[in-house]
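Engineer: Residue numbers (the numbering used here), protein chains in the order written: chain Z, 1 to 665; chain D, 1 to 623.
Treat the hints loosely; a few may be bogus.
[What the hints assert, rightly or not] The calculated label-pair distances, taken between Cβ atoms and stated as ranges, are: (1) N121(Z) / Q369(D): 40 to 48 Å; (2) G132(Z) / K581(D): 49 to 57 Å; (3) S172(D) / G554(Z): 51 to 59 Å; (4) A453(D) / S128(Z): 54 to 62 Å; (5) E648(Z) / L602(D): 45 to 53 Å; (6) A552(D) / I314(Z): 43 to 51 Å; (7) N591(D) / D591(Z): 47 to 55 Å; (8) P55(D) / L545(Z): 51 to 59 Å; (9) S128(Z) / G499(D): 52 to 60 Å; (10) R57(D) / G132(Z): 41 to 49 Å; (11) A453(D) / I314(Z): 41 to 49 Å.
[Stated by the list, open to error] With the C-beta cut set under 7 Å, the calculated list includes, among others, these residues of chain D facing chain Z: (12) I115; (13) V323; (14) A453; (15) L461.
Keep in mind that the hints were calculated from the coordinates and are not lab data. Every residue, glycine too, gets a C-beta built ideally from N, C-alpha and C.
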Amino acid sequence: MTTINAAATLPTGRAFFDLIRFRPAWWLFSLIFWIIFALFIQVQGLLLQAFFDLIAGDAPAGLNIWSICVLLILARIGRMGVAGHIAAFSDMTFRVSASTLLRRNLFTRVFRQPGAKALPNSAGEAVSRFQGDAAEVPDTIAEINRTLSQLVFAAVAIITMLQINVPITLIALVPFFIIGVAAMLAARRVQDYRRATRGAAGRITGFIGETFGAVQAVQVSGSEASVIAHYQKLNDERAHLAVRETLFSEVLQAVSFNSVNLSTGLILLVGGQLIQTGEFTVSNFALFVYYLDILTFGVGTISSAITRYRQAGIAIERMIAVTPNEPVGGLVEHAAIILTPLVAEPHPPSPSPDGEGELSAAQRGEVSHAAQRADSPLPEGEGQGVRALQRAGQAPPLPIENAAILPSPRLRGRGAGGKGLISLEVRHLSSHHAASAGGIDDISFTLEGGTFTVITGRVGAGKTTLVRAMLGLLAHEGGGIFWNGIAIDDPAAFMIPPHVAYTPQTPRLFNGTLRENILLGLEDDEARLNDAVYQAVLEADIAALENGLETRVGAKGVRLSGGQMQRSAAARMFYRAPQLLVFDDLSSALDVETEQGLWDRAFAQQGATCLAVSHRHAALRRADHIIVLKGGRVEAQGKLDDLLINCEELRWLWESGEGGETQAE
Amino acid sequence: MVEPPRTLKTSIILMGGWAGGHPQMLSTCPISTRKAVMRVPLLDYFTLLRVYLKPQRGRFALMAILLLVGIGLQILIPQITRVVIDTATASADDPTDDVSGVLALMALAFIGLAIFQQIISVSAAYFGERVAWTATNHLRTDLVDHCLRLDMAFHHRHPPGMLIERLDGDVSQLADFFSEFFVRILGSLLLTVGIISVLFLEDARIGVVFLIYTLVAFYVLYRVRGIAVEPFKDWRAANADLSSYMEDRLSGIEDLKANGATGSVITGLFQQQGVILRRGRRTINYLTALNLSSGMIVTVGFVVAFASGYLLYTSVAITVGTVYLIMNYMILLNRPLNELAQQIDSLQNMSASVERVQELMNTTSALIQPDDPLSLPSGALAVAFDRVSFEYETDVPVLRDVSFTLKSGETLGIVGRTGSGKTTIARLLFRLYAPQSGQITLNGVDTGQLDAATLRTRMALVTQDVQLFEGTVRDNLTFFDSRFDDADIRTALDLLELGEWLRSLPDGLDTPIQGGRGLSAGEGQLLAFARAMLRQPDLVILDEASSRLDPATERRIERAVTHLLDGRTAIIIAHRLSTLKRVDRILILENGRVVEEGERRLLMADTESRYSRLLQVGEEVLA
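Turn these sequences into a full structure, and let the hints guide you.
Structural biologist: As structure tokens, this is what we get:
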């Protein structure tokens with residue numbers, strides 16, 4: 001994990017405070033009603049005492065056996081039916097709201113990172129932080145409320161006991177608390193043991209998954225026996241850890257139960273004598289034992305609240321570590337969240353203003369801010385939800401929102417005198433990343449509007465790095481990008497639709513329908529959708545799918561073939577009608593003919609400007625301009641015919657590329 | 001006295017851990033996943049029990065004894081309290097009677113027995129756990145062993161995720177079955193019966209009242225126990241949906257940013273969270289109903305104890321100590337009642353699990369192993385297909401009457417479009433499937449007459465889809481087989497020009513490769529070669545990578561192929577024309593039929609052959 005600046009930590013207490021301030025009413029409701037819930041237990045105890053007083057012929061005024069019974073039932077209803085319900089309901093609302101805020105902030109923080117390196121680890125690893133850690137913190141706050149209510153109960157109980165008999169109270173409670181605290185300290189080890197067991201369990205499920213994921217490899221190598229031997233080893237390890245955990249927690253539990261028994265025994269020892277002298281009564285005895293039982297739980301919860309407070313601190317650190325460069329306070333920054341069902345679909349924002357000011361705004365990377373400020377007028381009665389949603393989804397610090405997406409009609413084509421892309425200049429661009437070997441150095445080239453530019457080079461030459469750095473998906477160290485001659489300071493904010501759209505080498509689709517994947521939050525326009533699908537050479541595939549565009553693609557698009565995924569991503573790009581289309585290598589999933597078709601259709605559309613990474617002859621032959629990369633630098637650039645004569649690297653690529661394209665199939 | 005039941009975690013998630021010492025708040029929501037009726041006859045349970053518990057009869061018996069002693073102590077201890085109370089109150093009425101010594105003795109006995117009872121309960125839990133883990137691990141191993149040997153058709157129907165659920169999830173359910181279930185059900189029943197019997201001895205009327213209460217309470221608990229299960233499951237499902245939603249979006253950040261679609265992610269998040277909130281609230285409603293009704297059972301128990309104790313006491317039939325004893329037993333009684341009501345659910349879950357486990361155990365491989373397998377002489381293998389036909393699904397033939405022969409040491413290149421049956425030929429050779437008709441022979445021996453495992457040790461398959469898993473480099477190459485020592489592995493890697501790569505790894509062979517992440521496609525391929533190389537096979541089947549690697553890597557792979565094929569019989573499923581230059585024979589497949597087969601040089605010389613036409617078309621495409 002990235003090391004975190006020592007100063008850049010968010011104190012757990014402050015995070016808690018900010019989250020409580022986010023939904024103070026629900027938090028307070030939960031606290032108050034948990035306390036009421038606890039006090040009803042006290043009522044039950046007093047009724048128990050009253051019963052034994054009644055037996056002793058010493059009943060409190062107005063109480064007889066029947067009224068005691070009725071009051072017992074009412075106390076139960078008040079406690080579980082009313083107080084407990086309101087408390088749990090408020091608790092739930094607070095926790096869901098606060099975790100939503102944390103997740104929203106996590107997402108916006110991640111989205112501010114360079115897109116290709118947004119997460120420090122795998123997505124799966126990040127999810128545990130988005131899911132588990134974001135829930136852990138509000139859950140802990142809620143648990144502290146419950147612990148507080150228990151402390152209130154404990155205080156009331158101890159005062160009541162002291163009023164009855166000070167020596168017996170002390171005799172009962174002192175060993176009780178000593179054992180309780182000891183158990184509490186030991187309880188930390190339970191956590192360690194449990195973690196160890198879970199780790200072992202994870203290794204086992206992981207191993208099953210891996211083994212059966214590679215079952216053919218296991219079978220063909222005849223390794224069944226050795227694999228099973230290893231599995232057995234893992235299982236024995238888990239069994240050992242699980243037995244250890246159970247034994248330890250059973251012992252711990254026995255110790256804390258015994259502290260009740262020990263105290264009860266001591267009360268019997270001392271109280272028995274005092275009952276003789278009449279200083280202590282059976283009803284007092286009953287009440288004391290009743291309290292002890294409940295207080296045992298108290299000690300446990302306090303210890304678990306302390307542990308959880310510490311864990312919440314770790315959870316906060318883990319969430320901060322997702323985006324180490326972001327200000328720590330932003331994690332708990334308040335923002336609007338909408339948890340009510342939407343009455344209407346998100347309203348498409350008004351087209352971005354494309355007056356003369358556009359590019360200067362773009363220079364500051366604030367194009368979409370400008371769009372937001374143009375506050376789309378919502379029709380009356382569209383509902384608070386929609387309006388608030390727009391605020392929530394689009395308010396800074398999320399500048400790259402839907403507002404920027406739908407281009408105004410004027411921006412769609414590139415007319416000679418229009419506002420489209422005339423030239424894109426990359427000057428002295430460098431980008432290096434520790435994790436990836438292939439950085440780029442001092443790359444310069446110019447891309448003319450309406451032309452097709454191909455970037456080519458060997459694996460590791462820096463092709464993808466170059467594209468990503470241009471698009472702001474990777475940070476660049478030096479140099480600049482100039483759009484129609486104007487410097488783009490924040491490419492991540494500008495090099496997006498309606499200016500640029502991009503299909504990565506291995507594009508990602510999301511769980512949902514094909515239509516949703518192409519729209520990705522944009523307004524649905526059937527005609528444009530059909531256009532995009534056609535341009536992406538996807539229409540035959542869609543026709544063949546049982547549900548057409550409504551086909552659910554599965555998680556990560558698994559139900560589509562690699563080629564279909566890539567073309568769906570291309571359709572997503574075409575739907576955005578950007579001024580510049582950027583394709584990273586299509587050849588890994590598309591055969592030559594399909595790729596050819598895609599280029600044909602792309603250029604049939606007037607005025608498309610394309611930048612593609614490719615080493616296919618079809619692309620190179622069509623290119624107006626070819627940039628040959630080698631070792632992260634521009635080796636040569638120009639037209640194919642010239643490069644074939646002058647550039648050895650291209651010649652080599654051209655020739656050695658043959659085998660790969662001519663599949664025997 | 002109050003022991004948190006095992007479903008505690010469930011309620012804590014929703015209601016918070018603050019239970020105020022009353023088990024009813026906690027003991028509520030058994031996460032039973034299926035409302036299965038008990039379909040599996042009891043006999044099946046006992047069969048499983050016998051098989052897996054037999055080896056640990058002694059431990060099991062010890063656990064049962066400990067449990068019985070524990071129950072006896074639980075019933076005995078409240079009796080002491082009664083004696084103390086009665087002795088003390090009696091002497092309060094009669095101050096001349098000094099009972100201090102007796103009282104002190106009684107109190108100490110109370111403490112001693114209570115501690116003893118805890119020791120017993122801890123020991124019982126310990127032995128129970130040991131029995132359960134030993135038995136279920138045994139079962140787990142048997143199941144994995146069984147499944148690993150099933151044919152590929154089975155594995156296509158059962159993806160790894162499903163098998164994890166079956167092999168670990170279902171078996172864990174059975175862990176209860178092996179120890180705690182009998183212990184808990186029997187233990188709870190005995191405790192209940194014990195308490196009521198003791199009360200009958202005390203006073204028949206009290207006994208009757210308690211018996212009626214027990215039956216009614218059990219019925220109510222049984223009826224309400226499941227009401228929160230559905231909403232709770234929905235709530236959990238919503239959380240799982242959110243999790244996969246986030247994972248899905250987080251793995252596509254580049255796409256989302258580059259297409260300006262980050263806002264829609266937040267909108268989606270809010271929608272998912274909204275569902276969680278609504279389902280969470282709904283679950284709370286059900287949980288309240290559940291807690292209230294089971295809590296009311298306790299309260300009614302107190303009312304019953306109070307009223308009957310009071311009435312008997314005022315009719316001077318019993319002492320104050322006995323009234324206290326009645327109350328004490330009432331509290332004690334609630335635990336086994338809850339336990340019993342819940343265990344019925346686990347019984348049902350278990351019955352579903354037992355059924356699924358047995359179903360898995362009863363799945364037999366479509367491949368029939370010969371009873372008396374023949375042996376295969378060592379040395380390079382000659383291969384022959386004789387009129388082999390095969391279909392994965394009925395009436396969808398994949399191979400039709402395929403025949404060819406390959407002498408030992410020769411190399412065959414198979415060419416054909418996707419779906420023409422190339423890969424199937426490899427699978428049949430490995431006996432991952434058996435042909436419906438025709439015969440496949442190795443050195444003249446029908447592969448059906450050979451033990452599949454032995455057969456596979458003689459061959460190696462290098463596929464284009466390299467199956468790597470989380471584990472060290474060594475584990476990935478050896479599949480945990482200690483037969484291969486490090487020197488062998490290093491030799492193989494050196495031969496494949498991976499020596500330098502290996503030395504660059506921080507922990508050498510012990511470096512974990514996480515399912516191939518961080519490896520280039522080329523390195524992954526080369527590791528697959530190393531796997532094959534290590535096994536010194538007599539027949540190599542190579543499914544060439546169709547996707548393009550960079551030229552330098554491709555050269556490396558070509559050299560690796562040369563090493564691997566050296567002196568061995570080989571079949572290459574070719575995706576490149578250049579590969580075919582190294583083969584001795586060519587086989588062209590079309591729709592599962594052999595349309596051309598022969599020696600490469602002859603085919604090349606024949607301008608009418610498909611192979612030479614293919615070469616021409618290839619060159620055209622290349623030009």
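Engineer: Now tell me if each hint is right for this structure.
Structural biologist: Hints, verified against the model:
no.	hint	verdict
1	N121(Z) / Q369(D): 40 to 48 Å	45 Å, holds
2	G132(Z) / K581(D): 49 to 57 Å	55 Å, holds
3	S172(D) / G554(Z): 51 to 59 Å	28 Å, violated
4	A453(D) / S128(Z): 54 to 62 Å	39 Å, violated
5	E648(Z) / L602(D): 45 to 53 Å	39 Å, violated
6	A552(D) / I314(Z): 43 to 51 Å	45 Å, holds
7	N591(D) / D591(Z): 47 to 55 Å	19 Å, violated
8	P55(D) / L545(Z): 51 to 59 Å	54 Å, holds
9	S128(Z) / G499(D): 52 to 60 Å	37 Å, violated
10	R57(D) / G132(Z): 41 to 49 Å	43 Å, holds
11	A453(D) / I314(Z): 41 to 49 Å	48 Å, holds
12	I115	6 Å, holds
13	V323	6 Å, holds
14	A453	5 Å, holds
15	L461	4 Å, holds
In terms of the numbered hints stated before, the structure departs from hints 3, 4, 5, 7 and 9, listed from lowest to highest.
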